[in-house]
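Trainee: Protein chains in written order, with our numbering: chain V, 1 to 353; chain R, 1 to 489.
Heads up, a few of these hints could be off.
Label-pair ranges, simulated between beta-carbon atoms [stated by the list, open to error]:
no., chain 1, residue 1, chain 2, residue 2, range
1, V, Phe168, R, Ser231, 26 to 34 Å
2, R, Thr246, V, Gly299, 21 to 29 Å
3, V, Tyr66, R, Ser366, 46 to 54 Å
4, V, Ile195, R, Met263, 53 to 61 Å
5, V, Met70, R, Ser231, 54 to 62 Å
6, V, Tyr6, R, Ser366, 28 to 36 Å
7, R, Ser231, V, Asp45, 30 to 38 Å
8, V, Asn301, R, Ser154, 51 to 59 Å
9, V, Tyr66, R, Glu184, 45 to 53 Å
10, V, Pro118, R, Thr51, 49 to 57 Å
11, R, Leu123, V, Tyr66, 49 to 57 Å
12, V, Tyr6, R, Phe56, 56 to 64 Å
Partial pick of chain V residues on the chain R-facing surface, computed with a CB cut under 10 Å [unchecked claim]:
no., residue
13, Gly21
14, Thr23
15, Arg143
16, Pro146
17, Gln160
18, Leu312
Hints were generated in silico from the structure; no laboratory data involved. Even glycine gets a Cβ: it sits at the ideal position worked out from N, Cα and C.
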Amino acid sequence: MSRWSYFLRRLVLAIPIVIFGTTITFMLIRLGPIDPAAAIIGLGDPEGLERIRTQLGLNQPLWQQYFDFMIDLFTFNLGQSWVIEPGTSAYALIVSYAPRTIWLGFWSVLIALFVGIPLGFYAGLNPNTGSDYFASFGGIVWRAMPNFWLAIILVTLLVQSQDLLFGFNWAGWLVPTGIVGPPPIDFLAEPLGAITDPVDWWIRKGGDGSFLAALKKIAPAALVLGSASMGNEMRLGRTAVLETINSEYVETARAKGVSSRSIVWKHVFRNALIPLVPIITGEAFLLIGGSVLVETVFGINGLGVLFYDAALNADLPLLGSLMFIFILLIVGLNIVQDLLYTLIDPRVGYEQD
Amino acid sequence: MSETVSDEDAPLRQRIADNPRPAIRWILGALVLVAVEFGAFLGLVFRLLSTIGGLFPDNPGVALFSRLEESSEVIPTLLSRSLIPNDGFYNGQQWVDTFLGLEPAYAWLLRVLLIYAYAFIWLGWLWVGYRTFRQHYRYADWTPRDDVVDRLRSHRWGQFGFVLVLIFLVMALFAPALGPTTAEANLRQPYSHYTEFYDEETDEVRNVTVGTANLGSASEGNPDSNVGPWSYDDFGRFHPFGTLTTGKDMFTFLAAGARISLMIGIVSMVGAGLIATGFALLTAYYKGLADLAVVIASDSIQALPVLLVLILASATFSGTWLAELYNGAVMLIAIFVLIQWPFLWRAVRGPAFQIAEEEWIDAAKSFGQKPRTIMRKHMLPYVIGYLLIYTSLTLGGIIIAVAGLSYLGLGITPPTPEWGRAISSGQPYVATASWHISLIPGILITLIVIGFNALGDGIRDAIDPQSGSGSGTAQESKADEAAAGGGGA
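If we strip away everything but chain V, and leave its shape as in the complex, we get (with noise of 0.2 Å):
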């Protein structure tokens, strides 16, 4: 089979995968309790949840509501917010909370890449050292903290910077920003400020609104998000080199005299990389199921937060757009792992599966 040919077969086998799993929240969505007329007006008034059920069509039977729901979802037409904010699309409503879960989404994968690969690759390359010891169990306890518990201790820790951490102050570190609360991206609507005014757009604009104050705001939350990736990065980054320090063509490359830095950068390092690749984007399950706590606790108003106050006052039309849009994301980022998988490393053999 041609890779070619496996990428269409995966691509065909994507589209019954998104079915069902949308088949599968409309059921859990609509198969509850809720009541979406009553979460609307209340109970008050009979005649008006009347009124309104025949409006939202909840008086049709069960399996032209399916229909419907399906047949909307994936023609991407996603209605309108019933509770949250009554008459606004959902899309609109996506569109507008999108951006600060990409900037924190965006920032926890790269903290995790940058920390956790390198920390990795240095236990390997001095393994069952001192070192190596710290590292390794670091990242094993990053890893099993839960996020929520590590995001509430970091936002202690940073609120009271003064008191705990030696009259270091963070809030008022570099550029003034706040601990808690959504980062400040709006200059990210105009790009072209990066080149035409260099010094406002990426430091100051009054301490608040630059590239800088974005990123020192959204940092504790990406290092809280990113964490359970960074040690699972470390611990594979970890094997990935003890395994190709020891591989035979290495011990080649040692007798034939190359300097051991060259045997690291050109041998090791590239093809320690080959096992991590698809692990970053494995990270999306983390990121968009840890983003409804870590957004909580750090008070960015992005689509965990979102997802979360639609669930909680049964926002149906909204709900169902959020998970088909997450499905969408987890599907179709499954399909690039498996196709970035075999571009890297062709031995990986795609038959077997």
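With chain V held as given, fit chain R onto it using these hints.
Mentor: Quick look at chain R alone, frame taken from chain V:
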């Protein structure tokens, strides 16, 4: 182990009859262990019977069994609160009503040590049983399982995890005897239970309800109203982990919480494991369309973010009878089973396929064995090991997820103790004198998750020494990550 090797030879019963001495010694050990806790065992049996009887209306047995349960409490047991009591009061000169007049902290510590010693003796008894069987009664001199056990014996990291997990399991099992007070008296019905304390001003011993005492021993941030870890409150009650914001004892709360967290985790893993094993055997044996159908079903479920489905289900079903069953635990278990089986199945699918390709499966087929028998006898023993790895990893994730849900105010319904709720209630006090309320439950969760992860690593290295923990295919390591992460909670 015993069933698979003893087929052709004399049955195990016969072999024990031929050489009964080691077996009898072993059974005697068990009898001694049961004897010191006889009252507790009896109480447990009657409790179970009356619970089962309670399922059928108008059953006259219920009253009888609950009466028997009460009367069984009279039998002295080694690990009971009545034998080594730690609730007493200081009358100005000495401690009254505590064990041997010891300070409550030491009386409590003694009981805790005794309970753990007892649990570890049981463990040793099991190990001796295995050794006895291996030495005296097993038909084969050597089986592949021996190597697994030997590798596990030299795997310090895995053993560390095992001990950690065991500590929490004992904490959950013996929760009523372990706490400095009981959940019933301190958490659920504080106003129908009384505690004695010595009033210095009037120089007399007074009797107040536990609820009143709790009000006076709350931890609320400022040093004046705070009962920290390893300290006494104004009523002479000892709190190993301090008190909650409500003044309730945190150790009792956390022990009861361990019960419910571990119960949810273990029951849902057993359920998901059964489904996963069943599908793994079927798909590996029949392949083709059966495999494709399960692939699609499992991929669809895996495409749903775990934590979001939990939030969605807890929110939509809140207030219904389903969410009330066993304080919401039943619904959480059901969701976990439905969501987690694909992850487990994915993890054991590879090994199951490998086994199905082996020659002995072919041989068994041509020999005319039924598919059922082939799956059960020749495939299952290999799949189970791999299943254990992922079960252990996933258990940690489930505990995190349950705590995360109750932190958000979903999942387990409020009066029931749950670790996440303790963290949430202590959130405003993290940087104050009452730091313990949030910090200690979080540390406990971290420890138990480390324990389960280490145990999983240990089992993996023991079963499959070539794999090297953490390496493997992308699919595997992703399953690892997803399993241990608790869906990102």
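Trainee: Please name the hints from earlier in the document that this structure breaks, with their numbers sorted from lowest to highest.
Mentor: When the structure is compared with the hints, only number 7 turns out to be violated.
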